[in-house]
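Trainee: Chains as they are written, first to last, in the UniProt record's numbering: chain A, 1 to 319; chain B, 1 to 319; chain C, 1 to 319; chain D, 1 to 319.
Hint data in this document are derived by calculation from the structure and do not stem from the laboratory. Treat the hints with care, since some could be wrong.
Because identical chains share one entry, a pair is satisfied inside a single copy or across any pair of copies.
[Said to hold, decoys possible] Quick list of in silico lysine-lysine cross-link-like pairs, BS3-like style, CA-CA up to 30 Å:
no., residue 1, residue 2
1, Lys315, Lys2
2, Lys91, Lys115
3, Lys3, Lys31
4, Lys213, Lys77
5, Lys213, Lys31
6, Lys213, Lys229
7, Lys213, Lys3
Number of protein chains: 4
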Amino acid sequence: MKKIAVLTSGGDAPGMNAAIRAVVRKAHYHKIDVVGVYYGYEGLYNGNFELLDLGSVGGIIQRGGTMLYSARFPEFKETEMQNKAIENLRKEGIDGLVVIGGDGSYRGAMALTEKGFPCVGIPGTIDNDIPGTEYTIGFDTALNTAVEAIDKIRDTATSHENTFIVEVMGRNAGDIALWTGLAAGAETVLIPEEEFEIEDIVARLERSAARGKRHSIIIVAEGVMPGHKLGKILEERTGVQIRVSVLGHMQRGGAPSARDRVLAGRLGARAVELLLEGQAGRAVGIQNHAVVDYDLKEAYENEHKADVSLYTLSKELSI
Amino acid sequence: MKKIAVLTSGGDAPGMNAAIRAVVRKAHYHKIDVVGVYYGYEGLYNGNFELLDLGSVGGIIQRGGTMLYSARFPEFKETEMQNKAIENLRKEGIDGLVVIGGDGSYRGAMALTEKGFPCVGIPGTIDNDIPGTEYTIGFDTALNTAVEAIDKIRDTATSHENTFIVEVMGRNAGDIALWTGLAAGAETVLIPEEEFEIEDIVARLERSAARGKRHSIIIVAEGVMPGHKLGKILEERTGVQIRVSVLGHMQRGGAPSARDRVLAGRLGARAVELLLEGQAGRAVGIQNHAVVDYDLKEAYENEHKADVSLYTLSKELSI
Amino acid sequence: MKKIAVLTSGGDAPGMNAAIRAVVRKAHYHKIDVVGVYYGYEGLYNGNFELLDLGSVGGIIQRGGTMLYSARFPEFKETEMQNKAIENLRKEGIDGLVVIGGDGSYRGAMALTEKGFPCVGIPGTIDNDIPGTEYTIGFDTALNTAVEAIDKIRDTATSHENTFIVEVMGRNAGDIALWTGLAAGAETVLIPEEEFEIEDIVARLERSAARGKRHSIIIVAEGVMPGHKLGKILEERTGVQIRVSVLGHMQRGGAPSARDRVLAGRLGARAVELLLEGQAGRAVGIQNHAVVDYDLKEAYENEHKADVSLYTLSKELSI
Amino acid sequence: MKKIAVLTSGGDAPGMNAAIRAVVRKAHYHKIDVVGVYYGYEGLYNGNFELLDLGSVGGIIQRGGTMLYSARFPEFKETEMQNKAIENLRKEGIDGLVVIGGDGSYRGAMALTEKGFPCVGIPGTIDNDIPGTEYTIGFDTALNTAVEAIDKIRDTATSHENTFIVEVMGRNAGDIALWTGLAAGAETVLIPEEEFEIEDIVARLERSAARGKRHSIIIVAEGVMPGHKLGKILEERTGVQIRVSVLGHMQRGGAPSARDRVLAGRLGARAVELLLEGQAGRAVGIQNHAVVDYDLKEAYENEHKADVSLYTLSKELSI
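In isolation and in its complexed conformation, chain A is listed as follows (with noise of 0.2 Å):
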């Protein structure tokens, strides 16, 4: 193996530089060189490849975003686009392709490795869904963005004695909200794990009131409603007035947390050296403080659950 691929796919994630430049470095460190692919597998179709050297991943350790792009390209499933792509590169002289994304990202280096062509994944989405891995790259950083953002928050509130509803990301996973919830001393914690009953949230809101405290902080996932409609139920059922704040796009970029760039490095090197010993269709990840690899086909096909051990810690520490 001479030359490498790497590109970044689906949603960004802060550690994805990071990533990229561990990629880079270690591969130079073997001899290797590495191609950057932009916009993700659209690129690949389109042969958008440029050369990546040492110098192309200078002081970007500690940027946000993707220096290579990101775009969504739903036709990528097609067979003709995914030959296509092999074609481009085998015709740069490149044997191996490492893709940086979520599971939606792993079916198409998936794709890929089963015409022949082999791929490594890396975990990158702030959303911790990603079964195989304890840790996705960006998640870190997510959570202390959110986590800031509600320390903020909980000032006005506790100024104005107001209750607020804080929507945070996590597509269907709820490992966002739940570890943000815990962080920020949320009073309540919603995710899509776990079912509740919008009476309890009433009677937990009424009992707070009781012991005089009429500040409190409600986090919800957006995977379970969106934090606007929980308000209004919630304002209806109390007649108290609820402050609703959605996080947003925010919780997707910054410079990432010393932990995921990190966890971005160790994943990134071990991406490379998975390709240079022969093996293909692996993703990696973290597990019990150690770097593991697993089939790629594990991350998308089983189901991610969230920690709930952690659900049921939070709502002991929030009597």
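Chain A is fixed; fit chains B, C and D onto it per the hints.
Mentor: Then chains B, C and D, alone, in the frame of chain A:
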């Protein structure tokens, strides 16, 4: 004068605590006691008072929100409410009152002054909309919060080449939008003080796209229209998906910036001096880098004007 | 068990307050009272106690430092000091003690346990040097503080093409240096656990310079040697001016990161459970993503080991 | 005028990139080309030039440091160096030069202007020590960096009841120390502009201790004396351990604050206008909230004065 009181009123703003601290410490420097009034004018009416010593204001200079809490209390425009408040103050041996808040809060202070109880106003609001002072306490922090959020949003906008609308606060004033837009390098800024044509925004988006730049950030002040409404209009006109982010209440919180803390220190100290000098019905402010004071009425009878030169600059720099 | 106590001891760490909060709230969940001990073991000896209700721990989850204060109190290794402490605890009807601190603090907890007073230890130190737990409370925050500082230093290093040495904390452990180095993309990392040759650093600096890259960041753990000393050695050997920055005590403070708050919540809650289960002389920790507990002695009799694989990775990525 | 050049010189400051961006965009607005000069005056002498289009300054508004690099080049005071620089500029068809830097950099700009090549100066330095402008670009960011660091140090100072000395930058000016001290609520601030007696500091420390407050923060400007030296003196006098933290070069870096970015935008745009108006040998600045310009010589022949009223305020508020 042996004892004065201090309260915070209206929307809270970062730096209010630093202003309370300055009032207390400056008063102690002159051997004057300070009584804190909880919940603004409501607390004045209810006699919700507590003596504040130096220890009470330890460790608050860096905290958002207000340790005295705030509340809306429209009933305070009634004469009997005001009389009761003065009665409560006199009963405690209090001879002067410092009110930290926005222009609405100043009306209450003027009413009390006209009834013979000397009040001084300190401008505390993120909106920067109080005539007579170049800056209000909290504005600088809100700016930095908004700019940091947009820096994060830009990461993802750039990675995906999306157009984003970001709605910022400011009530009827465009200051937050204007300064934030300049500082964040926004492509378009919409403020209530300046008319605009949807056509122009559409044309600008198309011009950028033609130049190959497909991501764009539009800042809209809440006083213009809701971000989501603007998003719908632009989507209909351009046929392109527009993402909307409403920064919301996090703009009110957070540790105050260095500038807001210094401003709070200067204005808080001056407010105490004014009361000691026997002045009443005055507002403090900053002009030409110096602390000034002026009739409270000027603050709410005049109209705040955003700096139009910044608007022109914003247009020239975002070609 | 009806009443337990909690104290913080040794160097303070961000997240100690979040741990105190978790202890108090989890205990209240089980209808147990909690007494806070001020100034660590010194306060235990002096009977400096205060009952902590839910309100006492309101608004502290996001604050650095420790609301219970900390103090060095080496005299506590004397038997009569320990007896007096137990006497004080018994007199208040306290049946168990949670100690938040480093390995030194664990010795005191073990001594009390051996005298019949059940104690549990929570690892609170930025140094990450406690055997038996993968992470200590405060480590993640200290990392992020160090990395953000180095991001800023890199701005100026790059602009002027200077070489910088940055000294970070960690006592005898290299964890902060190692993780910070990886996350900040440092060119060289020196930790106490790994020998190094000055020649190698000089050669690396010269190699970089030959490649046209004239700025460089060297992270040195305080356990290796003072940054200024290393600076002098390198200046003599290379003839090039080297700038030195000692990050210092800011690494101990600041709002805890999301990760540290969640860790503090989990460990604080588990510590209370252990006491309720009648266990004594245990330390809580995190391993393989799960909360564990083990004999307090293991924490100070075993030796902490930094993750050497990260050191190798750091070298490979900084070619 | 069809083409102008821009360079950064002297110590770098956050916001220099925002100023470069404003120069480039404003020039393009007027259909003028802009050439970037790398490495300050050294690059002017060496002809190290590059044409900057709108894309060159994309995504730099939020970055610390300077994309044009900076360098000390004392040789530039020699006439032949200056002649060569003008020759290089003329050869490229460049008719004007914008210099972003401190007062030292202004001398070079004046020398070129006197030889017939029109230059304009923009004040870029964290030290805020340029006469004729109330603020320099970078000062506000450095303040916030210092204040955030001291907020963290205060956490640990409070927890352990230690006295800390924090040394901040500013060369011969006390502005950073003075504003930082006020914003961080420091107990003592020492600046080069005001004499002080060690006795007074000792007395203040003892007074605080007697009042039961045993932690204290002393800010010392680097222009007064090194922090470690002051620490030794105070330890000898009080017999109490004093901790010292030297904030160092991190004060020069980091994403510029909102205020610094707006200031950079305003001054950068005005500098271009001045050249277009045919003016030369002018410095731009901010006074009374408005952009002004004045003779470059005033900037280095006059003496900068810190605002003494802030020093008095600082003393009154830290009783």
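Trainee: Which numbered conditions among the earlier hints are violated in the structure presented, ordered from lowest to highest?
Mentor: No numbers; nothing is violated.
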